[in-house]
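Chemist: Given only the sequences and the hints, what does the whole structure look like? Please build it.
Chains as they are written, first to last, in this note's numbering: chain A, 226 to 550; chain B, 2 to 127; chain C, -1 to 480.
Hints are supplied without guarantee of correctness; some may be wrong.
Unchecked claim - Computed footprint of chain C on chain A, listed as stretches where at least three residues anywhere in the stretch have a Cβ under 8 Å from a Cβ of chain C:
(1) 319 to 330
(2) 342 to 356
(3) 374 to 380
(4) 444 to 458
As the list claims (entries may be wrong) - Straight line, CA to CA, 25 Å or less: simulated DSS-like cross-link-like pairs of lysine-lysine:
(5) A:Lys446 - C:Lys279
(6) A:Lys406 - B:Lys9
(7) C:Lys170 - C:Lys103
(8) C:Lys235 - A:Lys497
(9) C:Lys236 - A:Lys523
(10) A:Lys498 - C:Lys289
Said to hold, decoys possible - Label pairs and their calculated CB-CB ranges:
(11) A:Met226 - C:Pro192: 53 to 63 Å
(12) C:Arg75 - A:Pro317: 31 to 41 Å
(13) B:Cys16 - A:Met226: 43 to 53 Å
By construction, these hints were calculated from the structure, which means they are not laboratory data. Keep in mind that this is a model prediction, so the values were computed, not measured. Don't be surprised by glycine CBs; every beta carbon is placed ideally from N, CA and C.
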Amino acid sequence: MTERDLVIVGGGPAGMAAALCAYKNGVKDVLIIERDQRLGGILNQCIHPGFGLEYFKEILTGPEYAQKVTDEIRSIKQIEVSLRSFVVKLEPHKILTILKPGSLQQVKAKTIIMATGCREKTREMIHVPGTRPAGIFSAGLAQKLINIEGLLPGKEVVIVGSGDIGLIMARRLTLEGAKVKAVVEIQKESRGLIRNVVQCLNDFDIPLYFSHKIARIYGNKRVEKVAVIKVDDHFNPIEDSGFSIDCDTVLVSVGLIPENELIEMAGVAIDKKTNCPVSSELNTTSIKGLFVCGNSYKVYDLADSVSLDSEIAGKQAAEFLGSRL
Amino acid sequence: MTEPRLTKKFICIECPKGCEITVTLDEGTIVEITGNSCEKGEAYVRAEITNPTRVLTSSVLAEGLEFKMIPVKTNKPISKAKLITAMREIKQLRIHDPVHCGEVIQRDFLGLGVNLIATRACKKVE
Amino acid sequence: MIYDIIIIGAGVVGTSIARELARYQLKIAIVEKEEELAFGVSKSNSGIIHPGTQNSPESLKGKLCVKGNKLIRKIARELGVDFKQVGELIVAFNENDLARLEELKEEGKKLGVPRLKIVGKKWLREREPNLSKNAVAALYAPTAGIVSPYRLAYDMAENAMQNGVKIYTNSKVSEIHPIKSKENSTAHFEIEIPSGTLKSRYVVNAAGLFADEIARMVGIDDFKITPRKGEEFILDKKREHIANHLLFPLPSKTSKGILVIKTADGNPMIGPTAQDGDDKKDLSTSDQGLKKVLEGVNRMIPSINENDIIAYFAGLRPVAGDDFIIRHENKVPGFINVAGIQSPGLTAAPAIALMVCDILKSAGLKLKKRKVFHSHRKKTVHLFETSLRKTKKLIEKDPAYGDIVCRCEMVSRKEIEDAIARGATTLDGIKFRTRAQAGRCHGGFCTTRIMKILSESLKKSPTKITKNGSGSEIVTKERDND
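Modeler: Right under this line is the structure:
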């Protein structure tokens, strides 16, 4: 078993910002564990602009933001990066079990920063009745298919939920030649940023239905249509307000859930409703020396906020290590 | 004979405030702008009326490189009306050589006076 | 070439029959209309190995269930399928129901269900702390267990193939012609599938929901299969220990009621509903189904709520009257119907297979044992059930075991590639075999990677990769095809 001063789980904007800040505050032995084949996390697939205004004082696309931080990480010898690596187990006394092609290793860390980000809420979590054919995607998966794999998920699309990824995907799909027929939002207003509603929907005349929900998905092998219905203030369907939209694809963009199963496994108290760690002070957990930052600590709207929050965690980790010397 | 006055509504996207701005047009000429809380708002709607522009981001197919798609953007906004034409062109492009972030993929893209640039580095397959 | 036996339907019943018959010197084939095996009734089975407590002692269901429960243990061992004997409780909530529990116990005893006993409040409090305080007593059947229904079917089929059985997938039967030969009166059958005509001396109809349609092709029309829908809801693995046994309310006439089901994969499941319909393809779930299941299950475990649910699906039970139909059709010599195999069909499958062997023997088929029958198959590796020490060894042998594809369920590239080598060609096939995409994120993170592995291994364009066969392609277009 090897021993490390600081292990950071996740090499997205949160993990990288935490690593850089910890390094600048005196930590000279940092290991970043990243599951993908490159650093950057979800930024790699967010090819649209709108990042960096706060953190870099310029408007960047996701990949540019990732590139800037990655370049800095790569210039620092004391920050080691392990790609295609998964933490499969985290024990309360800060021992991590890490799998990567060809190896299983255990690392004892003096401090750990979890920067594991979020997963998307699924169709299953909002209980949409109907069938389960091909053609139902989370917005992020559709984004990955188009932007990373060069594959078009469908031709006629209905988007459930007006989260930012859903709005961004409405534009992206339209530009790629698909017809986005509607965005259906159960709330009375958009969950996404205004600029995304304007530039992703209004620019392309894509209808946005507020106070509506998908009542049913139809189709055996592939999605064929969805039933849409208006809801009242308590989200109950209003009779006779239903209509249907023919489509071959449904994108689900109804929010994010922090990925905290690893720390939960280690015994950290997790808020059942939000899936965030229960903590008395920013970025801390019920285990001393185990910090959580970025979207796994709290779901942020902007990558910039993730970076800023994670710097605090990096600094806290450095202080924790310093106090132990 | 004068055409009736026309009003158009915009949501300003210059900042997260999202002011709803109303513009009154008379025969295509702006006669009144209300609802904005700063100058940026006015500039925004003027541009939206005369020549709305957008930065286009997309990705280009790579061949023989470490990733299949290389993200790109126009280094300056282009006319909104040109977005679809630009996409058609982008889909035809292929990148065979490694690129660095910011490298120009096409100079004077479609004669629009903007460059199409890579937004992420991409190496050869190792 | 003429097969000795062709089995129509590669569900758990068809594959069990094939594996049993593979012990003998026979040429056997299974024809399956779907792209992969177990994609029909079997894929939505609850995975319960029933003890036999809920069927009348005279019924085929009852007898074959009790026998199957005994047989499955050895078969599971031989095939490397995990069988867990978790036991079941049929719970009574009313003093008036105690007599009914006694009756069930007596019926079970008559069938030969071992070690049945009625347990009281105190027993239940200690062993099922989450059970409603209103529970007054339960019939405890310790021999009940759980198994993965699709992995059982896959492993049955694989073992059958090891012993020479041929499987035709994407092979919907359109016609069956009984043929009389001139030299003697022995009949053989011509079976039309899209790729041509297959010939066989005997036909076993194990076509699940479509068994009536297959039977009608040879003029048997005295039964009809009614699809009875069951909606089931899967809970988060975090709730694995919500119940320690399979929990049943006292059964009604049409169904065993809403259950709390432990599964081989760890996630508890609640359901199923029971709704007769007429559409054999309708696998939709409904708001009413969810409501009914939650109401039913909350009578037993009040603390289960909607937010525990991470997935749901519906299955269709092939109902043909009250009992199984397993018989040789004297009107059409050589044709055997195995129809209406709904619950407890999974449990009964190995016993049904033996019964079909006997029927074939009586119908004149010579059953001569093969010199070598490979009864064992190598257990499939699943990292999620492997110790870290053993995982380390596996990775040393093959680096791809360290290459995690699905992190929710901890499935490696090697496991995915193995599944493909064993016959998986679709995303659902990979899911049923390996559990990849079956966790909390529902494939949000791993779908693209699995598509890539499928596309590379099968040498197919990503646009040809499907969820569960032709028509269910995941993506419509590749960028470079523009």
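Chemist: Tell me the hint numbers this structure goes against, listed in increasing order.
Modeler: Hint 7 contradicted; others consistent.
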